[in-house]
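*Asks:* Listed below are the residues making up each chain.
Protein chains: 6
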Amino acid sequence: MLDKQHDKTKHLLVMNEKVKEFREYREKMNKRLMEADNLVLKRLFNLDTNTYMDGALPTKTKEMLGLVASMVLRCDDCIKYHLEQCFKENITTAEMYEIFAVANIVGGTIVIPHTRRAAEYWDALQEPA
Amino acid sequence: MLDKQHDKTKHLLVMNEKVKEFREYREKMNKRLMEADNLVLKRLFNLDTNTYMDGALPTKTKEMLGLVASMVLRCDDCIKYHLEQCFKENITTAEMYEIFAVANIVGGTIVIPHTRRAAEYWDALQEPA
Amino acid sequence: MLDKQHDKTKHLLVMNEKVKEFREYREKMNKRLMEADNLVLKRLFNLDTNTYMDGALPTKTKEMLGLVASMVLRCDDCIKYHLEQCFKENITTAEMYEIFAVANIVGGTIVIPHTRRAAEYWDALQEPA
Amino acid sequence: MLDKQHDKTKHLLVMNEKVKEFREYREKMNKRLMEADNLVLKRLFNLDTNTYMDGALPTKTKEMLGLVASMVLRCDDCIKYHLEQCFKENITTAEMYEIFAVANIVGGTIVIPHTRRAAEYWDALQEPA
Amino acid sequence: MLDKQHDKTKHLLVMNEKVKEFREYREKMNKRLMEADNLVLKRLFNLDTNTYMDGALPTKTKEMLGLVASMVLRCDDCIKYHLEQCFKENITTAEMYEIFAVANIVGGTIVIPHTRRAAEYWDALQEPA
Amino acid sequence: MLDKQHDKTKHLLVMNEKVKEFREYREKMNKRLMEADNLVLKRLFNLDTNTYMDGALPTKTKEMLGLVASMVLRCDDCIKYHLEQCFKENITTAEMYEIFAVANIVGGTIVIPHTRRAAEYWDALQEPA
Numbered sequence: 000m001l002d003k004q005h006d007k008t009k010h011l012l013v014m015n016e017k018v019k020e021f022r023e024y025r026e027k028m029n030k031r032l033m034e035a036d037n038l039v040l041k042r043l044f045n046l047d048t049n050t051y052m053d054g055a056l057p058t059k060t061k062e063m064l065g066l067v068a069s070m071v072l073r074c075d076d077c078i079k080y081h082l083e084q085c086f087k088e089n090i091t092t093a094e095m096y097e098i099f100a101v102a103n104i105v106g107g108t109i110v111i112p113h114t115r116r117a118a119e120y121w122d123a124l125q126e127p128a
Numbered sequence: 000m001l002d003k004q005h006d007k008t009k010h011l012l013v014m015n016e017k018v019k020e021f022r023e024y025r026e027k028m029n030k031r032l033m034e035a036d037n038l039v040l041k042r043l044f045n046l047d048t049n050t051y052m053d054g055a056l057p058t059k060t061k062e063m064l065g066l067v068a069s070m071v072l073r074c075d076d077c078i079k080y081h082l083e084q085c086f087k088e089n090i091t092t093a094e095m096y097e098i099f100a101v102a103n104i105v106g107g108t109i110v111i112p113h114t115r116r117a118a119e120y121w122d123a124l125q126e127p128a
Numbered sequence: 000m001l002d003k004q005h006d007k008t009k010h011l012l013v014m015n016e017k018v019k020e021f022r023e024y025r026e027k028m029n030k031r032l033m034e035a036d037n038l039v040l041k042r043l044f045n046l047d048t049n050t051y052m053d054g055a056l057p058t059k060t061k062e063m064l065g066l067v068a069s070m071v072l073r074c075d076d077c078i079k080y081h082l083e084q085c086f087k088e089n090i091t092t093a094e095m096y097e098i099f100a101v102a103n104i105v106g107g108t109i110v111i112p113h114t115r116r117a118a119e120y121w122d123a124l125q126e127p128a
Numbered sequence: 000m001l002d003k004q005h006d007k008t009k010h011l012l013v014m015n016e017k018v019k020e021f022r023e024y025r026e027k028m029n030k031r032l033m034e035a036d037n038l039v040l041k042r043l044f045n046l047d048t049n050t051y052m053d054g055a056l057p058t059k060t061k062e063m064l065g066l067v068a069s070m071v072l073r074c075d076d077c078i079k080y081h082l083e084q085c086f087k088e089n090i091t092t093a094e095m096y097e098i099f100a101v102a103n104i105v106g107g108t109i110v111i112p113h114t115r116r117a118a119e120y121w122d123a124l125q126e127p128a
Numbered sequence: 000m001l002d003k004q005h006d007k008t009k010h011l012l013v014m015n016e017k018v019k020e021f022r023e024y025r026e027k028m029n030k031r032l033m034e035a036d037n038l039v040l041k042r043l044f045n046l047d048t049n050t051y052m053d054g055a056l057p058t059k060t061k062e063m064l065g066l067v068a069s070m071v072l073r074c075d076d077c078i079k080y081h082l083e084q085c086f087k088e089n090i091t092t093a094e095m096y097e098i099f100a101v102a103n104i105v106g107g108t109i110v111i112p113h114t115r116r117a118a119e120y121w122d123a124l125q126e127p128a
Numbered sequence: 000m001l002d003k004q005h006d007k008t009k010h011l012l013v014m015n016e017k018v019k020e021f022r023e024y025r026e027k028m029n030k031r032l033m034e035a036d037n038l039v040l041k042r043l044f045n046l047d048t049n050t051y052m053d054g055a056l057p058t059k060t061k062e063m064l065g066l067v068a069s070m071v072l073r074c075d076d077c078i079k080y081h082l083e084q085c086f087k088e089n090i091t092t093a094e095m096y097e098i099f100a101v102a103n104i105v106g107g108t109i110v111i112p113h114t115r116r117a118a119e120y121w122d123a124l125q126e127p128a
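Chains as they are written, first to last, in numbering that gives the first Met the number 0: chain A, 0 to 128; chain B, 0 to 128; chain C, 0 to 128; chain D, 0 to 128; chain E, 0 to 128; chain F, 0 to 128.
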């Protein structure tokens, strides 16, 4: 039993490491992209942020929309980003799996491998930092 | 002015015709697909219906998810179908355009032509039958 | 009952018209593309033909592969072309619907509208010319 | 011979009609989208225009980039739009077919049906208005 | 020569490790997805299994269809899974490369990187466990 | 400051390692694919090379076209390959970011994660071997 406990702790650290790694690489490279000072890219990044702000639809709904769109387009990094935003918006795991269900029905079984990784990342986000 | 009125009425009829045409073809061919009695297709159709039922998330949210997924995957007929469901769920035009915005930001300008057709169909749905 | 008979005949003609139209436009524009004398395009067209020739796998299997690939990539004209080839290879309707099933499971419900049109075209091909 | 001449003229009119139709529908619906006054969509449209302006790369090159991107993503209306821009930039037919070649090699034979329609539209643009 | 032998053995172990890793992660996360008890996902997984069962078409053909569909949609994990199923169905390497050929012709050169990884995994499957 | 210098050198080595790794794996597996002696694949590879040769458009332009197509189709390995070719064609970083801009506007924010990796690889290519 101790071993299992140990395994669990190790797993937890590995998982949180994944969250950390994703965030750091994303931040580092976004900074690099901004430094290049391409006006179109800069404005697109800015517009991307605005898209998910509260409006006729609340941020929570928009983040769900962003997530499902990322899932059917099968972009793992986009999925991770929107999972983080959904986590901040207090989306429950039951709600999350219903988003997964829509993505898999609309996009088909090719979405499954991305759902596996999404589920793993979602679990990682629930863990204490 | 009378001419403009006339034009408007004609346009309205043409639009509603589009809604009718879409529904009839969809119904006819779905019936054809079911007649073929392929178990996998039948169960997938059934599962598709279940996906959008009230659960942890309400049907309204799920239909928005289905719509945005259809938009970024650029499937005009899927878009029309989910527009109809969104219309039944009393989604407002302001909300609809925020869904359009998410789809266009995530999926890029190649989503614009589908957004044009979606906007036209959405307007058609608002018109008296 | 006579009316229904009449409707059926009319539908049949409309259907066969679709087959004819597709073939004519395809032939006309392929000819136009070849006239442009672009070496890469010409060789790609040639290679495309070779791909489906009997080899370790028979043409029949390869045409099924070409069809399912066209379905999940949702290219209606490619689907029509491979449906014609499958028809020539004496693929049965039961087999065809199992190909449809694989395409819809792998590619998701966004493949359904293309399956509707595929089913319609498949039926048209069965009809006397 | 006279008949052929006649056929040719009729074809020419049909073709130019296609160009006209595309432009009118596009303009009408873009206007409709703008009227909805969604800030994200408005700014995206604006950004889209800026993207193709002369910069480190000239407009001509950027329009070729936009076209090839539209072709591999298989968006017929986006293709038409960029064909028009390429036409304005005096791209030759030989150059155009090399763009087609890249699109078909990168994107595969599923790009062929879109290339057929692109070739037809390109020919239509060459004709006297 | 001994070194080369050694290199070969090491490579073999690394390869088999890849097969093992893929299977373990897939199994672990599928279990996680099932635990979430989302009815739609559970039924979709079940339906996925049924899709490839002997019917009008034999499992062997259907697995080839599933593979080519996964290749043109460029989902590496789906490709690996179907490669394993094809291996179980005694598909030969010559047949496999003809499937690769169809996928690359239909889907274009963007399928090549996935074909590289598919070829590597296919070779790994041939090796003694 | 010395530490930062050290970090920079280490980073540089890691980066160049990425370039080396990509090239080696690509070369090794391309060789493997050719060994299988599938005529269609061999001719497609050959045709792929021809596509980017000087013609009505110069290689430089064609490589930009190949890159933007790879970006909107979101194939990281294809992107790396075309980045290398663009580097050989002396494309500047300002030009490169305008290609990135077109890809992100046409393909949407799902292209951003690929742009991050592309920017990193592009920087790596600038570094002394």
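Treat the hints as calculated values from the structure; they're not laboratory data.
Ideal placement from N, C-alpha and C gives every residue a C-beta, glycine not left out.
Hints may be right or wrong, so weigh each one.
[Said to hold, decoys possible] Straight-line C-alpha distance at most 20 Å; calculated SDA-like pairs for lysine to any residue:
| id | chain 1 | residue 1 | chain 2 | residue 2 |
| --- | --- | --- | --- | --- |
| 1 | F | K27 | E | R42 |
| 2 | A | K30 | F | A93 |
| 3 | D | K17 | D | M28 |
| 4 | F | K30 | C | L38 |
| 5 | B | K41 | E | R42 |
| 6 | F | K27 | E | K41 |
| 7 | F | K30 | E | D122 |
| 8 | F | K87 | F | T48 |
| 9 | F | K87 | D | A55 |
| 10 | A | K41 | F | T48 |
| 11 | C | K59 | E | T91 |
| 12 | F | K59 | C | K87 |
| 13 | C | K87 | C | R42 |
| 14 | A | K59 | B | A93 |
| 15 | E | K41 | B | K87 |
| 16 | D | K41 | B | A93 |
| 17 | F | K41 | C | K87 |
| 18 | A | K59 | B | G54 |
| 19 | A | K87 | A | E16 |
| 20 | D | K19 | B | K41 |
| 21 | B | K87 | B | G54 |
| 22 | B | K87 | B | D53 |
| 23 | F | K59 | F | E16 |
| 24 | F | K41 | E | D122 |
| 25 | C | K59 | E | A35 |
[What the hints assert, rightly or not] If you want a taste of the chain B side facing chain D, the calculated C-beta under 7 Å gives, among others:
| id | residue |
| --- | --- |
| 26 | A35 |
| 27 | L38 |
| 28 | N103 |
| 29 | T108 |
| 30 | P112 |
| 31 | Y120 |
*Asks:* Checking one constraint from the list: CA of K27 of chain F to CA of K41 of chain E, max 20 Å. Satisfied?
*Replies:* Distance of about 40 Å is beyond 20 Å: violated.
*Asks:* Measure nothing beyond the straight line between the CA atoms of K59 of chain F and E16 of chain F; if it is 20 Å or shorter, mark the hint as holding.
*Replies:* violated, 26 Å
*Asks:* Tell me if the straight-line CA distance from K59 of chain A to G54 of chain B falls inside 20 Å.
*Replies:* Distance ~17 Å between K59 of chain A and G54 of chain B Cα, so the pair holds.
*Asks:* Would the pair K41 of chain A and T48 of chain F pass a check requiring their Cα atoms to be no farther apart than 20 Å?
*Replies:* Roughly 35 Å separates the two Cα atoms, so the pair is violated.
*Asks:* Hey, K41 of chain B versus R42 of chain E, does the alpha-carbon distance stay inside 20 Å?
*Replies:* Between K41 of chain B and R42 of chain E the Cα gap is close to 13 Å, so the pair holds against 20 Å.
*Asks:* Sort out whether R42 of chain E lies within 20 Å of K27 of chain F, counting only the CA atoms.
*Replies:* violated, 41 Å
*Asks:* Would the hint on T108 of chain B be counted as holding, given a Cβ-Cβ threshold of 7 Å to chain D?
*Replies:* holds, 5 Å
*Asks:* Given the hinted pair K59 of chain C and A35 of chain E, is their alpha-carbon gap at most 20 Å?
*Replies:* violated, 42 Å
*Asks:* Would the hint on L38 of chain B be counted as holding, given a Cβ-Cβ threshold of 7 Å to chain D?
*Replies:* violated, 29 Å
*Asks:* Given the hinted pair K87 of chain F and A55 of chain D, is their alpha-carbon gap at most 20 Å?
*Replies:* Answer holds: K87 of chain F to A55 of chain D is near 18 Å, not above 20 Å.
*Asks:* Regarding the pair K17 of chain D and M28 of chain D, is the alpha-carbon distance no greater than 20 Å?
*Replies:* holds, 17 Å
*Asks:* When you check the alpha-carbon spacing of K41 of chain F and D122 of chain E, does it fall within 20 Å?
*Replies:* holds, 19 Å
Of the numbered hints given earlier, the model fails hints 1, 4, 6, 10, 12, 13, 15, 17, 20, 23, 25, 26, 27 and 31; all others are met.
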